[in-house]
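Colleague: Here is what each chain is made of, one letter per residue.
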Amino acid sequence: MSDIQQPAQTLPPNAPSGPPLPRSTKKEGKPASLWSDAWHDLRRRPIFIVSAILIAVLVVMALWPSLFTAIDPNDPRTCELATARQGPSGGHIFGRDNLGCDVYARSIYGAANSLLIGISTTLATSLIGGMFGLAAGYFGGVTDTLASRLTEIFFAIPSILGALLIAATFRGGPLSSITLVIIALTVLGWPMTYRIMRAAVITAKSQDFVVAAKALGAGHMRIMMRHLLPNALAPVIVIATINLGGFIAAEAALSFLGVGVTSPDISWGLMISDARNRFLDAPLPLIFPAVFLSITVLAFIMLGDAVRDALDPKLR
Amino acid sequence: MKKTSPEVLPAEGGLGNEPLLAVDNLHVEFRTRAGVVHAVNGVTYSLNPGETLAVLGESGSGKSVTAQAIMGILDMPPAVIPKGEIRFRGTDLLKLSEDARSQVRGQRIAMVFQDALSSLNPVFTVGWQISEMFRVHRGMGKKEALTKAVELMDRVRIPAARQRVNDYPHQFSGGMRQRIMIAMSIALDPEVLIADEPTTALDVTVQAQIMELLAELQRESNMGLILITHDLGVVADVADKIAVMYGGRIVENAPVHDIYKTPAHPYTKGLLESIPRVDQKGQDLYAIKGMPPNLLDMPTGCAFHPRCPYRQDICVTEAPALSGISGTRSSACHYWREVLDGTHE
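The listed protein sequences correspond, in order, to chains A and B.
All residue numbers for the first sequence refer to the numbering used here, where the first residue is 1 and numbers rise by one.
All residue numbers for the second sequence refer to the numbering used here, where the first residue is 317 and numbers rise by one.
Treat each hint with caution, since some may be false.
What the hints assert, rightly or not - Some but not every residue of chain A turned toward chain B, in silico, with C-beta under 8 Å:
no., residue
1, 86
2, 159
3, 208
4, 211
5, 222
Just so you know, the hints here were simulated from the structure itself, not pulled from any lab data.
No residue lacks a Cβ here, since even glycine has one placed at the ideal position from N, Cα and C.
With the rest of the complex left out, here is chain B (with noise of 0.2 Å):
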């Protein structure tokens, strides 16, 4: 690959007061048929080096889909960014051209995606597809690029990588195809890695190991990590800080410790009372009651008024806007001091 592009993104070093990545107020609206579904309504968050962001959300919260825009690997048509900003390094990426995103693509920042099997070609073999990573973008002959993808194999902690890197995809379990997944992100060392979902295809054992596994390679590495989820007992061990995603919008930013402790926004309350505990043998769980908002015919207001606990009339007219609680932390709700004193119920 050539770097000819006028566009260079700024070298790695000194940050100043801009984080390694930041997203501020991202827009995406897909145009469909149907109509527009917004399905990121202003989403901002910010990763430092060596930071984990856990971005938590159920189905259709808009969490895949700005992991998707950071990328730029969104079908545009028919996504459409309307407004916002991905710096990267202080770069807005949204205003590059497409051939100095790709340089970022995969060099800069990579992604691992949650379904290992399908995202690994079935015509090539494992270790063909890792050593094409160095082939592409280092230049590497293929000799050299398949000792390094053997080392890679390796720090992945794959056994036996030497017998088994001229095997297909297939051929390796569930959590394997993972590692190589993984290995193939971290390859040209980037300096995001974005995590979608990385095990949700993966039984609850393999799970701990994969989520060990990226904790010890970012540790290595200081990389920044994005971790997208929907199960909180994933993110508890790994991440620093975690963003809870709603209808498309940040509704909670929170260091782990507070979130589990004291939540400030009653769905994220909502969320953690619906884990399972061993203590609760026998009783019906708790569960958030209706239904995860239409997105493309959203509540007026806060999105999560029809199912809150704590609605009042100002939740159906006004949107209340994510505000800072402390330095730290920042709730979207009209009644975060009620939630967080937990004298409503």
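With the rest of the complex left out, here is chain A (with noise of 0.2 Å):
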């Protein structure tokens, strides 16, 4: 037998066992997976570190804002009207806003509702987007024609301005200002997401282990779930966390327009918001919401990009 590669059995006890494996920086015993590879490759991108680390800082400041700042914006008592866009001073490095409320307090307070809208939607629309993107780049005939006319129509409409309409519609209804935006935000963005995993689908589709599953007795849903799922869900990942950034400031945008997060519920744009109409006498209350918003967008964009280069192999 020509072909084994090298028997076990002959080597001293001490030596690695297997065959040697292809990337020499890998550990022993451990086979690698794309998902190790691509882990083992993110690791050491600079890009990815940063990244990382500020969503890592965001994280624990949307979960536990009190760590970083002792006054608590959403009691009212801390707002005093007199000091109103007051510069920065000891108490309160960002200065004071409008009402006279702590503008770094209300940044941190932000993170929370940015990160819940952000990481929501995205879950929402790879969820929605992935499983009709998944059954139409299977099936293909009929079920694919419908499902790719319907996201067309999805693709038509301007997204702000549809999710305006719906945000603007059901307000005042029996949902949270923030379910509202979440639900607008996924209706307009699962196309996305859809057309991604179809033609990740579709590649995957095409190759013969698919066909081999069949032949060996595989259904439907062993072949979507176990053979397609796992080889499409490479892009969609790439996709959702360059998305995440861009629900971010999508749900900046609509708290800005007023049709968002409403007050007392903190967020960046509706900070902005408020803040844009005395933004020459008191600039400050303006811009450190914006830049929190930018540097959340940029991490998430960052992480997504630095998450494309690992799981593409064709870029290493």
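Take each chain as given, in its own frame, and dock them per the hints.
Modeller: Shown next, in the form of structure tokens:
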């Protein structure tokens, strides 16, 4: 048998067992899956490290904002109208806004809503778009045609206009303003994930192992979940990460326009909107939430870039 | 998997006169924008338990399409099966529901493909993929299924199976990957195994080992083996009988030794003469003149007539039927006697 690569039993006991691995950097005994390979690649990319640290800080900020500030902006007693638009001072390093509330504390507390909306919308669009994309790509034919035409209808709606319409129409109903923003962004965001998933599934479907799996008795569900999904997941994860930043920005835009998150909930978009009238007198209440927003969006887009580079072996 | 389908296939047991698998007058067409591609035009062959049938033919002769029709893995549309029967233990598979057919796939009739690397899912370990067969179809637990997977890897002679069970497909050599595919295909003890050019992607020494392995596994389990190939050398040792295909038809059917000694169709004869021989060193190789037929626009009469040295007027107008020469042999040629006697040329 000439194609035996390296019979382990002939090796001295302290030598590594198994064949030589294609990448010398790999640890012994740990087989290389796409994901472990990608992780290996990812954690030595500076762009990933920077974005991961930023996102980690943001997540901590969202979960435990009191770690960063002693002032609770949800307590109206912390605002003093008499000190409105006061510049930075000892206890209020970013100064105070139009209502005399602390800009720093409000910026910190705004992270929670931004991340909540960004992450929920990303999960919802990935789930809905991914499911439809998987089914359409796999079954093709009529299913594909119907689903694709449906997404084209959604693509034809300018997204800010559409979200504005949805958020404005159902305002004041039983749903909270945050839920409404998530729904509006999901309705307009899922076709993007759908397209990516469908394309990835069609590519994966034509590969021999799918035919082989079918020839060995795998049913539709098994082929979709075990053979197509894992092989089509990479581009969806990349687009989801990049979109997450986009959704946070879109939430800020909706809040700025007055149909997103509403007071007393705190949102960066809302803060920017409130501060814009007096921008020339007091620029800081607008600049600080805007900086928080930009850094958050940038962090997710950078993460998405790094993940894409790690998952696409052709770019290596 | 539930076994609730109303059409229940006959269990293993006596077959009477019925062969294990019989393909009868099978036609497969692909309806494309450019026209109807007649890929298979009335193929008939049969297989008994423990028997090896080699289906021989060049690219586009319809040998793989026939196999895919048996497995039910043709994409329909564009493929259409307008005529024919595929009987497995007497039941026409083409009349079964999709549900019932998926019960046959993998469990009763399994298939090994040409390129083992692309036939294995790159994101799962080989042990996971082999043991999945047991988990899905036999309802085994993870641990038990993995033990069975290691046993199976031993059975297809993968060295150090226990250590390698958690490796990914790309960590194996070509021959080893094909062994893993074979392990997966025989996992559920199928009664028929179809191997579609199982050795084409491998180098020559490994080819011989894989053929030997298939032959051994067949002896152990008495399954019927259909070996699809374009390589006359590969089949000589393992096949019992040979069906030669040309232009979507069977042109000659014969026991393996007869066909090498006395071919009864000009195409078979041409193929045999094209095999390079050691004593021919330095001379030009023989080649069948012309090109394989365009399946969109088949020649009239006998599909082989534009390339045939025995051609007469009748070959252009009338397609010869596959007719018996003796009990075990048949040929689709108007002049099979002349070919058999070698009186021409």
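Colleague: What hints, given by number in increasing order, does this structure fail?
Modeller: Those not satisfied are hints 1, 2.
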